[in-house]
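S.K.: Chain by chain, the residues run as shown.
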Amino acid sequence: AQSVAQPEDQVNVAEGNPLTVKCTYSVSGNPYLFWYVQYPNRGLQFLLKYITGDNLVKGSYGFEAEFNKSQTSFHLKKPSALVSDSALYFCAVRGDTGGFKTIFGAGTRLFVKA
Amino acid sequence: EPEVTQTPSHQVTQMGQEVILRCVPISNHLYFYWYRQILGQKVEFLVSFYNNEISEKSEIFDDQFSVERPDGSNFTLKIRSTKLEDSAMYFCASSEGGRYQPQHFGDGTRLSIL
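Top line first, the protein sequences correspond to chains A and B. First residue of the first sequence? That's 1 in my numbering, and the numbers climb one at a time after it. First residue of the second sequence? That's 1001 in my numbering, and the numbers climb one at a time after it.
Keep in mind that the hints were calculated from the coordinates and are not lab data. Treat each hint with caution, since some may be false.
Said to hold, decoys possible - To give an idea of the chain A side of the interface with chain B (calculated C-beta under 7 Å), a few residues: (1) Tyr32; (2) Phe34; (3) Val83.
These figures come from a predicted structure and were not determined experimentally. Glycine included, each C-beta is placed from N, C-alpha and C at the ideal position.
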């Protein structure tokens, strides 16, 4: 069965500091991995995805994520956090076989302090 | 940039009543989805729809739920007899196609069951 774990409910970081939001996954076959961000009263917005190839993927707003197959992780990173990055972040996984069901993690709330 | 639009933004309904949530996916997208989110927490998959039929559904999507694409643009979720626990934010999403494609989400309909 597919699953996604985001071990931190909340991450606090000072503006200008690097940030990491953690994600681990379990899926049959090869994973397709996604990060989405949600601002208050809005839908989820796609940030980046890993399909195959280079383990470091770059996405919107300066975010990047590192795929680690041996640790089944896909952590979201940004070198220098902005106050405007404060939001709810979701990791999601879909397998390369079977249906199109996407499993989302429970979400991590990021607070960036000025 | 094209968007997924959902109406209404907020729906208040008496328990036991039928409710229809409406979505207009992005026009060239082929895959359509419904998710729900309770109290800003985990995003739960309900159903995926492709080629005018359900391609996958979760255990949440029981006989009280149905989806329809009545014309070339709308995608609807019907809850036949609402329960208090159906109160949630319901998100529609669409994707161009392929399991590696990200989903584009609407801003959701907040469903409140009294």
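S.K.: Decide, hint by hint, whether the structure agrees.
M.R.: Now the hints, each set against the structure:
| no. | hint | result |
| --- | --- | --- |
| 1 | Tyr32 | holds (5 Å) |
| 2 | Phe34 | holds (6 Å) |
| 3 | Val83 | violated (20 Å) |
When the structure is compared with the earlier hints, a violation turns up for hint 3 alone.
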